[in-house]
Each structure stands twice: as C-alpha cells, then as structure tokens.
Amino acid sequence: MIKGAGKKSNFWERNRESKGYLLKKTVSDIVYRLIRMILLFGMCFLILQPIFNKISISFMEERDLYDATIIAVPVHFTTGNYQLAMSFMDYGKTMLNTIIVSLTISILQIAVCTLVGYGFARFQFPLKKFWFACVILIIIIPPQTVSTSLYLHFRYFDIAGILKLLTGETINLRGSVVPYYLMSATCMGLKNGLYIYMIRQFFRNIPKELEEAAYVDGCGTLKTFIRIMLPDATPIITSCFLFSFVWQWTDGFYSRTFLGNINLLSMQLTRVGERLSHYMIYDMHQPTGATIGYTNCIVATGTLLVILPLLIIYLFAQKGFVESLSSSGLKM
Amino acid sequence: MKNQNKLAGLQKRKAVSGYLFVMPFIVGFLAFMVKPFFESLYMSFCVIELGPGKFDKNFAGLENYVRAFTIDAEFNRLLVEETQKMFFNALAVMVFSFFVALILNQKFKGRAFVRAIFFLPVILSSGVILGVEFNNSLMASMQTAIEDNAGNASITGAIQNILMTSGIGTKAFEKVFEVVDGIYDVAIASGIQIIIFLSGLQTIPGSMYEAASIEGCTKWESLWKITFPMISPLFLVNWIYTIVDYCMRSDNEIMNKISDQMISYLNYGFASAMSWIYFLIVIVIIAISSYIISKGVYYYD
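In order, the protein sequences belong to chains R and V. For the record, in the first sequence the residue sitting at position 235 is 235 according to the numbering used here, with numbers rising by one throughout. For the record, in the second sequence the residue sitting at position 129 is 129 according to the numbering used here, with numbers rising by one throughout.
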C-alpha cells in the first residue's frame, strides 16, 4: 500500500519534473497499444471467422440453417453432414491417394530442387546467369500458358520420334500420373522455381572456407554436398518440403491437367455439390434436388475434411513454415 | 605453368559438376517449358484437329485471336475486369502487408500467435479451396438478400453514403470501397508478403533508429526515411510475387475459361490464343511496374 502510494507520487513527481512529458508519453503509449490490440483482434477475427463459421455450420441439421435465431451454436446437433460428405468424397480411399501422391511428389520435387539450388549457389559454370534467369522466368510464366501444348504433348507422348519408329504409335499418357512425375523430376511442378530460388539463397550464405576445408581433407564434390552442406540446410529444406506438400494437397490446376483420373481430395471437393444434388434426386426422391443452403453446408463440411490434415500439420510445424522463410532473406 | 593448368582442370571439373547439378532443371526447362512455349504460340495461330494417334495443326492465321476479341461474348469483359482487379488487388495487398508487417515487427504479447494466424491463409486458402468458396455465388446472393431484408444499417454503409454524397471523387471512392469490401480477399492473399516484409524489417539495424532518434527524428519520420528505403527492394519482390500469385489463383475467371475450353471443348488453338493474350498483358504489366518500382528502389550496400 505504502509502496504503491510512494510509486504513484513518484510518478507525479517525475511527471512534474519532466513538465508533463511523462504523462503525455504514458497516455499515448496506452492508447496506441489499445488501438493496436483492437486492430489485430479484428484482423485475426477476419481471417478465422470463415473457419469458425464452417465448423458451426457443419454440425447443423438442415432446418437449423434456415432458422434466423440460430447463429453459431446448432440446436439440432448432428454429425450426419460429415457422414454424407465422407461418402461423397470416398474419404478414406481418396485421403490415402492424396497422401501418397502429395508425399511422393513433394519429396521428388524438393530433392531435385535442392540439387539444382545447390548447383546454382556453389558452382561457377558458363551461362550460369542465363540459366538462372530461366529459373526466374519459370516463376513468372503462368503454367496455363504452356498447358495447352503440354496437354497434347502428353496425350501423344513420344521421345523424339523413337517410339513411333518402333511401334508405329505414340503413347497416350493422359489419364495416368506419369506426366506430373516427369515434370516434378525436372523442376517444372507447382512453384518449383520458387523453391529453387529459396534454396539457392540459403546455400549462397554458407562460407566458402567450409567447402575449401572439405576439399583439402579429400572430400569430393558429391561428398561435400551430402556430408557438409545438406545437414546445414535442413531447416530450409523442411520448410520447402512443407510448402510443397501443402500446396500439392490443395492444388487444382496441375492435378486436373497432369495427374489424370486418380482421385484426389482437391478434385473430389469440387464435385461434392454435384454429388449432393444427384443423391437428393435419386436416393432421397426429392425432384428439386438439394437446396442452396444445404449444398453450402455439405461443401463447407467437405472443405473442413480436406483442410483438417493441413491444420494438424500446421499446428505442429508452424515454426518450420514461418521461421526458415523469414531467415532465408529473400532479396532481388 | 603446370600449377595453373591444374587449377584450370579443377575449375573445369567444378564447372562440369555444376552443370550436372543443374541438369534436371535444364532438361525440364527445354522439354517442358521452351518447347511447349513456342508450340503453344504456334498453336494459337492454328486450328487443331485430333485424330487417333496424332493431331493435325492447320494454320489459320489470326483466326483464334479474332475470335477471342470480336466473337467470343465474354473474353473482352473478363480480360478488362480481371486485369483491373489484379492491379487494385495487388496494390491493396502491398499496403496491407506492409502495414501488418510493421505492426508484427513490434514487441507485444502473443506476437507469435498473431503471426501464425496471418500466415494461416497461405495454407488453408490455397488451390481449390479458394475456388470452392467463390463458386457458391448463389449462396452469396442469398446472403445479401438476407442482409437487405434484415435492414440493419452498418457503420461502413453509413460512411459510404456520406462520402458518396459529398460529390468529390466519386469514382475514386468507389474503388476504395471495393477494396475495403474485399478486405478478406486481400488478407488471405498476403500471407507470404507479410513474412517477406517482416524478414526485411528484422535485418534493419536498430542502431539506425537510435541514431535518428538522438538527432531528433520522430517515429513517423524514421518510418519514411529509414524503414521505407531499407525494405524498398522487397516491394519489388512482393509486387511481382503478388501479380504472379494472382494469375495462378483458382478463382481467376480467365484461367478457368481457358481450362474449360481446353479440357471440356477441346478447342486447343483458341485456348492457346487466349492464354497468350493474357500472358502478354501480365508480362507487360509486370515489366512496366517493376521498371517504375526499381527506379525508386534504394540498395543499402
């Protein structure tokens, strides 16, 4: 009590000594903090609200959707939406497919991108600037520009006319997963230019002396890369891997164009609406199909099911995403 | 002499292994980028006919381009709309992410948590998920109908009315309100940009601010005289990233139209022509704007 009072008088005393500056400063500080808090809270809410909204909708029965008195907490609680959405998406099987595809593709992409990024960062070779400009170019060129031609290319696939000479026919790779694996193995997958750029940026910062010391001790180029450089680069590689995995998981364009007819979560999600109206008309015998609100509810549930694994990954590996990206120091 | 020879040999070996390391990229670039790039340019001048085991390209001159600009009912409209949207969206993203990065760079409780939330859209609103949300245009129209019926006047609506009736720069205000209405779009598109700005802000040495404040510089002045020039190179990076990112978004209507024409209608020539028109416009925008921005960029070292 006495101590507090002493402090207070001290504050006013100090305030008087500074001719009111201290008070002004403290008040403006508090006001600033308050404004900042409100702003940040608002923006966080803005970002999170659609997710919360989806969660609350996904547990509602259809009649709850049209009840104006129900805003967030469902009155008729149900998990039926999840069962429906799961059956429409063939959840278990599709999930397994998606995990396999995303995992293999992101591992392949990052392995190759690491090699290429290392090559650009640590070696001097003729035309290096030119090839690196090409990396920047593949970041900038939208893949849709070349997709028409690539699409045909894979439909009538041939390696420099050899296959046609041997068998008289070209292979139709359309509908199989081979095209995208081929593209991933050669750095032409989703945002691969960006990964090369980030990894190169990281390797460039490693001191040259380390490499030289390894060379003096009799380490070859490959051995230096594997034994010395790779362990150092784990954070940036993990971060690129996480990005690659997550973006592959939700990717629509590449999956639709180059991954053929394999069932992936991202592709199934876009069809949930159609499936629902089909189900309503033929199984539930409602000639009008599904209502807009209910379709939205089921699509929201499906979206949640798709992003749930990603949310879990993000919760555990949040640092892996953010920290290494900010430490890599992107610059032009 | 011999020594030098050996050095040259070492350098040569290093050059060879360097080429081996980047080989996958070169092969991919030639096979899946350069070749299709020129082929699709050629295809945009052709009518493509598919046959069993082969496809024929019949040269047709500018037919596809004429079709895109004069015959197709929605391409012109989409092109203008999307380009405009891209430009204003990118501007808004830059301002927003710079502002947020400035706030997140300060020390306060729960900073890591807030940063994690701002980064969340990069993961959750990528790819098809964005498209799914925007496909429900019917739902959106229903929502506005409900809001109209409820008749609750919002604060922003009131401000909008006041500013609109004041009669000064109505057009400009309209654009501002469009951006403000789409603040959610802007927020979810700026996750990466915020992180890039943050990483730039953290590399500015604190001694600069100290020196400035001793010289009597206010916070506001040091923001424009120190922070802004120091991270100006990142504006260029972010600007390009934002525009490129916008082109690849799954709710980009032009891209959807192109994919539709290609996959559903098999109009390969027409699809190539459209994608080339869009690509050229985007490249021109990127080139001009990066040139302007790079004039103002300040490199510290």
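Warning: the hint list may mix true and false statements.
Here are the computed lysine to aspartate or glutamate pairs in the EDC-like style, where the Cα-Cα straight-line distance is at most 16 Å [stated by the list, open to error]:
1. V:K14 / R:E211
2. V:K85 / V:D185
3. V:K14 / R:E212
Short, incomplete list of chain V residues facing chain R, as computed with Cβ under 10 Å [unchecked claim]:
4. A15
5. S17
6. G18
7. F45
8. V47
9. N76
10. L124
11. G127
12. L130
13. N161
14. V179
15. I183
16. I195
17. Y278
Derived DEER-like restraints, expressed as beta-carbon distance ranges [said to hold, decoys possible]:
18. V:E174 / R:N15: 44 to 50 Å
19. R:R16 / V:K175: 48 to 54 Å
20. V:D181 / R:S28: 30 to 36 Å
21. R:L65 / V:M208: 51 to 57 Å
22. V:D181 / R:T69: 26 to 32 Å
Hints listed in this document are in silico derivations from the structure and should not be mistaken for laboratory results. From the three backbone atoms N, C-alpha and C, an ideal C-beta is built for every residue, glycine too.
Hints, verified against the model:
1. As the CA atoms of K14 of chain V and E211 of chain R are separated by approximately 12 Å, the hinted pair is consistent with the 16 Å bound.
2. For the hint pairing K85 of chain V with D185 of chain V, the CA-to-CA distance comes to about 11 Å; that is within 16 Å, so the pair holds.
3. With a C-alpha separation of about 12 Å, the suggested pairing of K14 of chain V with E212 of chain R holds against the 16 Å cut-off.
4. Look at A15 of chain V: its Cβ gets to within about 4 Å of chain R, closer than 10 Å, so that hint holds up.
5. Evaluation of the S17 of chain V hint against chain R yields a held restraint, the C-beta minimum of about 5 Å falling below 10 Å.
6. The interface hint given for G18 of chain V holds, since its Cβ lies 3 Å from the closest Cβ of chain R, which is under the 10 Å cut-off.
7. A distance limit of 10 Å between C-beta atoms decides the matter here; for F45 of chain V the minimum to chain R is near 13 Å, and the interface restraint is violated.
8. At its closest, the beta carbon of V47 of chain V sits 13 Å from a beta carbon of chain R; the interface hint therefore is violated under the 10 Å criterion.
9. With its C-beta approaching chain R no nearer than about 18 Å, N76 of chain V sits outside the 10 Å limit, and its interface hint is violated.
10. Contact between L124 of chain V and chain R, as hinted, is supported at the beta carbon level, the nearest pair being about 5 Å apart and thus within 10 Å.
11. Contact between G127 of chain V and chain R, as hinted, is supported at the beta carbon level, the nearest pair being about 3 Å apart and thus within 10 Å.
12. Interface hint status for L130 of chain V: upheld, as the beta-carbon distance to the closest one in chain R is roughly 9 Å, under 10 Å.
13. The beta carbon of N161 of chain V is not positioned within 10 Å of any beta carbon in chain R (closest approach about 22 Å), and the interface hint is therefore violated.
14. For V179 of chain V, the interface hint is violated, the least distance from its beta-carbon to any beta-carbon of chain R being 14 Å, above 10 Å.
15. For I183 of chain V, the interface hint holds, since its Cβ comes within 10 Å of a Cβ in chain R; the closest pair sits about 7 Å apart.
16. A least Cβ separation of about 5 Å between I195 of chain V and chain R falls short of the 10 Å threshold, and the interface hint therefore holds.
17. About 8 Å separates the beta-carbon of Y278 of chain V from the nearest beta-carbon of chain R, less than 10 Å, and the hint is met.
18. The beta-carbon spacing between E174 of chain V and N15 of chain R, approximately 48 Å, falls within the hinted interval of 44 to 50 Å.
19. Between R16 of chain R and K175 of chain V the Cβ separation comes to about 51 Å, which falls inside the hinted range of 48 to 54 Å.
20. Look at D181 of chain V against S28 of chain R: about 32 Å separates their beta carbons, and that is inside 30 to 36 Å.
21. Between L65 of chain R and M208 of chain V the beta carbons are some 56 Å apart, a value that agrees with the proposed interval 51 to 57 Å.
22. The hinted range of 26 to 32 Å is satisfied by D181 of chain V and T69 of chain R, whose Cβ atoms lie roughly 27 Å apart.
The structure fails to meet hints 7, 8, 9, 13, 14 from the earlier list, while all remaining hints are met.
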